[in-house]
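Visitor: Sequence:
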Amino acid sequence: MTILLVRHDTCLPALDGMVAGEFAAARGARFTALATGGAGHARFDCAQHVLAHGELAPNGLLWAERAGDRPVGAPVDRGAVARIPGTVVVPINPHLAAHRDAEARILATAARAGRAVETLDVRELDDRLELLTTGGEIVAAWRRNGFGRPLPLDATLPAPEGRALRVLIVGDEALQREVYPAPLAALGDAAEALGLDLTPVFADPRAEPAPVWDRLLAGVDGLLLPGGSDMEQVEGQIAAARAAIRRDMPTAGLCLGMQTMASAVAQELCGMNDANLEEADPGAQTKTFVRLHDELGRPAHRLGLLASRLEPGSRLAALAGGAERLDVHYNHRFVLDPALEGPLAAAGLAIGARQAERAFADAIELPALRFFVGMQGHPELASRRGRPHPLLAGLLAAMASR
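At position 196 of the sequence shown the residue is numbered 196 (full-length UniProt numbering), and the sequence of numbers has no breaks.
Hint data in this document are derived by calculation from the structure and do not stem from the laboratory. Misleading hints may appear alongside valid ones.
Simulated restraints, written as ranges between beta carbons of each label pair [claimed, not checked]:
#: 1; residue 1: H301; residue 2: R206; range: 23 to 31 Å
#: 2; residue 1: V212; residue 2: H301; range: 33 to 41 Å
#: 3; residue 1: D214; residue 2: T87; range: 53 to 61 Å
#: 4; residue 1: G79; residue 2: A347; range: 55 to 63 Å
Using N, Cα and C, we set each Cβ at its ideal position, and we do this for glycine too.
Please build the complete structure, drawing on both the sequences and the hints.
Guide: Shown next, in the form of structure tokens:
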């Protein structure tokens with residue numbers, strides 16, 4: 001069977017592998033990414049996509065999982081591609097030296113194995129992406145909408161109903177659009193499924209001072225606090241979440257966003273003005289999130305598609321249709337300090353879910369507010385067109401009901 005090399009010369013991690021993933025799903029072929037040994041895109045946050053088996057991979061693999069609606073396997077060595085049976089689609093990015101070398105290696109090993117190889121190229125025209133043969137014939141084409149999702153050219157979205165809504169994403173716009181596209185795509189899934197006219201707006205938490213958040217929230221209908229490993233975001237995210245509590249603004253948090261939401265509750269409602277994440281401020285007197293250790297006391301990294309136990313009667317359980325468990329993509333090393341659960345509960349915070357294997361919190365919420373729910377994992381990675389994640393669908397539904 002044929003090896004299909006899809007070449008897309010791009011410096012944007014969010015686009016790297018997008019067309020290859022869509023093409024593989026359309027052909028019913030296997031999508032296989034290349035292991036680069038760390039020689040991929042230079043930014044540290046370019047390989048934050050969580051694979052189900054427990055590995056971090058380039059962010060662009062999101063699109064293959066969304067298009068094929070199944071987990072992508074671990075990236076493989078360039079020398080192993082010719083040994084993969086069946087029709088295989090391999091994304092090649094000539095922008096990366098490791099991929100340029102890999103292409104030559106794949107061609108050589110495929111020739112020795114008697115495998116046919118077909119090379120196709122991606123052409124970008126504004127928000128349009130075309131896949132062409134080496135002779136210039138267009139094989140397929142997509143357009144990217146305002147949420148970064150690739151849609152077939154003939155795709156029609158239902159006309160939105162109701163008033164226009166604005167959601168404030170507390171993050172750098174370039175990062176959300178060009179590096180880690182999953183939260184934006186997941187919002188698009190939820191807006192389409194609910195038939196809402198949604199516009200995302202952005203505010204960089206590293207740049208905005210605390211007093212500005214009340215003004216920014218006055219012009220939007222909801223707030224999303226995304227994840228990330230940049231601790232410079234923490235102070236701004238906490239300030240935004242505190243403003244959301246004061247305004248009863250519908251708010252959702254993803255991974256780091258849940259941590260800053262809980263820290264905002266500690267500061268705003270418990271009077272713990274010194275409360276902060278241990279990762280962001282190791283010297284904080286009150287550490288809201290502390291290092292996770294395994295049963296033997298060793299530092300642990302919780303990574304992969306893992307189960308959470310939903311608390312009966314919680315908002316999150318209701319959003320999940322009354323389910324008892326929910327599989328979520330996780331990538332974290334810090335957990336809510338169990339010693340703070342009592343004071344936080346006295347201030348109104350409830351635990352929405354816990355780790356299936358241990359008692360640490362996996363989700364938090366403020367039931368007294370219209371919508372204030374954060375998850376320790378990355379629910380955005382499970383969102384699909386036509387099947388949005390319940391957390392983000394719940395956020396938009398709360399925004400629409402204001």
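Visitor: Run the structure past the numbered hints and jot down the numbers of the failing ones, going up.
Guide: Those not satisfied: there are none.
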